[in-house]
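Please model the complete structure; the sequences and the hints are all you need to start from.
Residue numbers (the UniProt record's numbering), protein chains in the order written: chain C, 1 to 423; chain P, 1 to 423; chain F, 1 to 379; chain E, 1 to 379.
Please keep in mind that the hints were generated in silico from the structure rather than gathered at the bench.
Keep in mind that a hint or two might mislead.
Claimed, not checked - If the Cβ cut is set under 10 Å, some of the chain P residues that face chain F in the computed set are: (1) 284; (2) 288; (3) 299; (4) 300; (5) 305; (6) 308; (7) 315; (8) 318; (9) 322; (10) 325; (11) 326; (12) 397; (13) 399.
Every residue gets a Cβ at the ideal spot worked out from N, C-alpha and C, and that includes glycine.
Given next are the chains, with one letter for each unit.
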Amino acid sequence: MTDGTEDVDSFRRRARTWIHANLRPLAPDETAAPTVALPVQTEEEELAALAREREIQCMVFDAGLAGIGFPREYGGQGLTADHQRAFNAEIVGYEYPARLQAPTFSPCGAVLLEFGTEEQKRRHIPAILKGEEIWMQLLSEPSGGSDVAAALTSAVRDGDEWILNGSKVWTTGASTADWGLCLARTNWDVPKHRGLTVFILPIHQPGIEVRRIEMLNGSTEFCQEFLTDVRVPDSDRIGDVDGGWTVGTRWMFHERMLFNSPFVSIPVGASPGEVGAASIVNVARDAGRFDDRCVRDLLGEAHMLELVGQTLRRRIGRGVAAGRISEQSAAITRLFAGVSSARKATIAFEIAGSAGAAWTSDDGAAANCVDDFLMRQTSCIGGGTTEMARNVISERVLGMPRERTPDRDRPFRDVPRSASTRA
Amino acid sequence: MTDGTEDVDSFRRRARTWIHANLRPLAPDETAAPTVALPVQTEEEELAALAREREIQCMVFDAGLAGIGFPREYGGQGLTADHQRAFNAEIVGYEYPARLQAPTFSPCGAVLLEFGTEEQKRRHIPAILKGEEIWMQLLSEPSGGSDVAAALTSAVRDGDEWILNGSKVWTTGASTADWGLCLARTNWDVPKHRGLTVFILPIHQPGIEVRRIEMLNGSTEFCQEFLTDVRVPDSDRIGDVDGGWTVGTRWMFHERMLFNSPFVSIPVGASPGEVGAASIVNVARDAGRFDDRCVRDLLGEAHMLELVGQTLRRRIGRGVAAGRISEQSAAITRLFAGVSSARKATIAFEIAGSAGAAWTSDDGAAANCVDDFLMRQTSCIGGGTTEMARNVISERVLGMPRERTPDRDRPFRDVPRSASTRA
Amino acid sequence: MLLELSADQEIFRDTTARFLTSRVPINEVRSLRNHPAGFDPDYWREGADLGWTSLLVSEEHGGGSVSGAGLVDLTTIAHEFGVHAAPGPLVPTNVVAGTLSAVGGDTHRPVLASLLAGTSVAAWCFGPALSTDGQGPAGPRCRIAGGEVVLDGTQRPVEAAGQADHILVTAWGEAGLTQVLVPTDAAGLSREPMRTADLTRRFSAVTFDGVRVPVEAIVGEPGDADDLLERQLQLAVVIGNAEAVGALQTAFDMTLQWAFDRYSFGRPLASYQELKHRFADQKTWLEACHAVNDAAAAAVDEGSPDAKELVSAAKAFIGDYGSELVQDCVQIHGGIGVTFEHDLHLYLRRVTVNRALYGTPADHRQRISTVLENQKERA
Amino acid sequence: MLLELSADQEIFRDTTARFLTSRVPINEVRSLRNHPAGFDPDYWREGADLGWTSLLVSEEHGGGSVSGAGLVDLTTIAHEFGVHAAPGPLVPTNVVAGTLSAVGGDTHRPVLASLLAGTSVAAWCFGPALSTDGQGPAGPRCRIAGGEVVLDGTQRPVEAAGQADHILVTAWGEAGLTQVLVPTDAAGLSREPMRTADLTRRFSAVTFDGVRVPVEAIVGEPGDADDLLERQLQLAVVIGNAEAVGALQTAFDMTLQWAFDRYSFGRPLASYQELKHRFADQKTWLEACHAVNDAAAAAVDEGSPDAKELVSAAKAFIGDYGSELVQDCVQIHGGIGVTFEHDLHLYLRRVTVNRALYGTPADHRQRISTVLENQKERA
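See the structure below:
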């Protein structure tokens, strides 16, 4: 504490004491690893859960535990990733505001902290840390796929304002979010990376129409937004005009680094969106197949992948934090997590046997394994595809030659595009 | 027989009668599927085996059964791939001249038949069919890898002769072969495909030095040849000057089509160079693990791959023969065979357990599984890599865009090359 | 499917293809998820007129094949079912019709006639056929008492049990495995609907609680069902495989087209070598799926000794490699590939459910290893 | 290996790295295939001076670690063994030295001293530790009679048994599993050399035919060997893994360099996207191999409750993914990669043999599933 910073151990004790005194321990079935298939909730359930999380976040803030990696002047604790990790260890098994972590604290909050003006930061970061503002990312577009920088959403200057038009997709929480971070094209006459600008804007306004997307498992968590003549004051611009890719690069870095972020609380051991080995053990039991050596081989494989993934995440996280390896190495963690999650969903489905084809509610954990299997590629698509991760690893980590990109040195308006978006 | 051609059934009966009367049935251990690891023989053993095969081939010739797909005027039978398939079914379980089939009958004999002059064909094809001439392919080069057309071996015209210099590699049977088919560069000032010419030449001559290559399993079947001022008369040129790629393309097609060739006898069901499921069953028994469900799962997988590979080979072979699919589809068979052979070698090694690390001669089939495992990639390298097969399938079969080839429209002497071959 | 169909087979296949295109376009399939039966009775009757249920039935009984190889002919229909993600109980109805024609008695003729006419469908309790599935000989038991067969026990999942007028059930009795054709309105028979991932197929858990039927309901002889069941399993697997291969073909074709149309970083996806090589793998697996199932169908039709191993090799291969193929199609589509609005998941569902039905790939690998063991002992 | 070593650890590692580079350059390794022992005694003694055999031995007995975590320190040496495909019985000698230091009696002190000094090496009969390998509790039996232990039976494969002066053997006795340190010149002990794929390691089948040693030769208490064996297995696996990871790192580095240097169709191999993506997979697996084995080493050193599952996860992962990684390195090299002249196979051999030793990946997956089962029961 010589430099006035709370040391990790005393922070840990303080966090533990407060958590035990104030947060509800989770019931055993609540700790069960979540699965690939997004939870199918009614809108009322979703809103009620979110209200409770805002309430908890406010308590966390009042307790001096919110925004561990955010500076004190914006309401945070001014502490380090090590402190965040200590907190993550202590909240295991307790209720916590899971929905607020990403994308609100990071990447949105992290991007604001890094690129926002003093005024923007003072206005938004404390509100975020108190649970008052929930944020969403307006990043991907229907036309774009992995090529985020090929955004077609346009922002045209009109005096002190910008007028935005276009469409964003794969957003989560559009119906519950307050603010959005939006990447838009402000210049079509330069190569794609040099004509982008980032804005912030309130979500609930007449120019923004939100449409839910039905996923094949019935989940409607993802949305598509249509922006029509949305006016944004220039004071809500983040970073320089046409400098949006500088912001965007860090934005996506924060997204990849979620599990090693000083801004985000994720219980240790949690791999959201994955079929955990523990739940696969339940599948094997409920399918009556735990004693089959072949099934045990698969269970061993599933848990092996989980353990390897956890240790890999720690290695890469520490290596990046210590500056021993490049930040781009986060793609290694992403690739491994995506592929192994898909494999685990396959293992669970295989073990379920004929309950993978048809099941009743009596089948316990073996019921509905097929949903996770049908949705399994989401772990290799969402948050940047595994293909993009492999590009990053080969080109940025290993220094192999870059792919030919015919769009690199060409005005964006002249870049060849998909048939459907050429019109 | 209305057109004077023997029908398949009567040919089959004739072949069967002759085989049963004249060829030795193989002992059970001789029919065991051959493995990936090339047979390690002494030179004496090799020569003795080959002498016996020449003898048998001469008997086959005298019986009117040699060169089934070769025209009658060159000593062949003038029959079809269906007749060859019938013969292949009948020789199962009998001694036959395996070493003479490839590369002598095909691709070498097939290329001679397609591109040779009348004089060349009359001189060589009957000799080949009688077992008098054994041929080898002087095709790959140390610098070239998959890029066969990037040959650096040069042929320079000198009056009625050509003077060849350079090096060829991955040749088999160099010490026992009589003649070679050789691809050489005759023009360095045009793009690579347009400056090649094919020659034939006797192997045993002063200008050709043969060096055996020791493989990691101790096999020395492959050789490298060094050609120094080898003189070849222009009458031993195959095809046009600088037209070698036309020949080379068919040369490699015949190589890929070995299993569906009308020129080559291969017992039905044989997959030379593969670890067969039957031999893996022996590994499981000799390792005492046949009753382990996990081992049986692997055995089931191995036999599945084998059955699928056989049916795929038939489908593609028939489809090509009937003109329903392009000849390039042979790459599909090649890819599947390579990958599944590697997988089978892995399965055998896995089942062998600790005998995979160390073994005694008492371990039966479980002994030495590791050699096949160490050599397993040869099934994905030899005869054109699986990477090349995937290029062919995607570009030629599926019509996807060709890879960028900076060497395509550039004089060959200006093409960027590996550091080691730039000197 | 075979690369070369005879002219008659081609007409036969094409007729069904055109019927499915007009009668159950893909949006119709999508909306059938809310239909209680998953298919319309008229649709099925019209399909039966096209020959969907007659191929495994002898001419004597009003059936007949196109080429003399009824199962091979049927795989062309099943292939089109897969291509169109079409609804309808093709597997159970054909399995039951084929069985009734081969070994059914006079009392079974009217049922067979109604299946041929498409005025009713049948369900088939697949259960004890796979002794390798770790579940052991579960399933119904039967006893013969006073000219009646009495059935007790549960079997699941049973496709189309809720839509069928009759269920062919295999039960353990004193004489051994015995098959019985039971009307679904029999007292004591109940059907609990199950959930499934397929939008148009319906499954039930069928419970027999002291169900009594006359002994004439027995199909074949009591205790004779082992061979019947093995043959039925082979038929069901080959038909299901052919359907899966059709679905794979469509998924592959639409994904390849997508790769040509979709641009990323100023280039079509189809120009990226890594994707090209994945398409090469997909194409290879797809051709292998066609090849092995066509060989299996022919082997079953011919009563070849390698039929069992080919059928199981086809099931194991198409189950595992087919799943990976269609999941890779999803991956190449990106997020849109897992939306309900997109067509891809209809094929994904078909392939996925077929993989888990009638034995998983692992179950069939065990079957293959048993064949290997027996071959080894014979040698 | 850890991304961050302490300064002391780094000096320690680097000293061994420089020693191996000068003492056993790769051509020397290649020629050792004809050496009867696979390594030179002087080489081993000099290595012992560098600390190769002292890290698992307490300071009291003349050993000592660099960082306080002896196994973690030892993995840095093992890593360099892998990087250089270096010869020498690192695993058995350290396992035996660590055991003798932890539980050996006074009679074992001279042996321990000679291991520390590098003047002799030891062999360790790994055998009954894996109850999942399908072989059951084979291996030697022992009985105690008249102040002597009498041993009968065979154990294999035993690394360095032919070079060792002592063998630590685990035998089944009345009291349960018992460990005994047996001099290799004991009457009735015979060693049959085995063949192996590694060029510099030697294995034997060791037979005990009424071998008698004093009861003081027992290590620990009779019947107490279960825990000893479990710990020894964990040590052996972690050391072997670290060596495999070192070999993988070298194979990967040399293949990446090859891809930059080698041109095909006018472009370096490194410019082909399909190869780039395979290198990305390789890099990911390689980092994962480092990560999981480092975590396993730390867990064993700390006596953490998750040590067993981490060790087995590391063994299973490195065994399977490591094999595929180095085989893909062979593939990228093409034909030259399977020649004896090229260096690549030295690393391939090391990784391959280590995969098959001390339990295959499948054996260790079974161990993991047992851990899962126990956790589940505890919960």
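To see whether the hints hold, each was checked on the structure:
no.: 1; hint: 284; verdict: holds (9 Å)
no.: 2; hint: 288; verdict: violated (15 Å)
no.: 3; hint: 299; verdict: holds (4 Å)
no.: 4; hint: 300; verdict: holds (3 Å)
no.: 5; hint: 305; verdict: holds (8 Å)
no.: 6; hint: 308; verdict: holds (5 Å)
no.: 7; hint: 315; verdict: holds (4 Å)
no.: 8; hint: 318; verdict: holds (7 Å)
no.: 9; hint: 322; verdict: holds (6 Å)
no.: 10; hint: 325; verdict: holds (7 Å)
no.: 11; hint: 326; verdict: violated (12 Å)
no.: 12; hint: 397; verdict: holds (7 Å)
no.: 13; hint: 399; verdict: holds (9 Å)
Going down the numbered hints, you'll see the structure goes against 2, 11, while the others check out.
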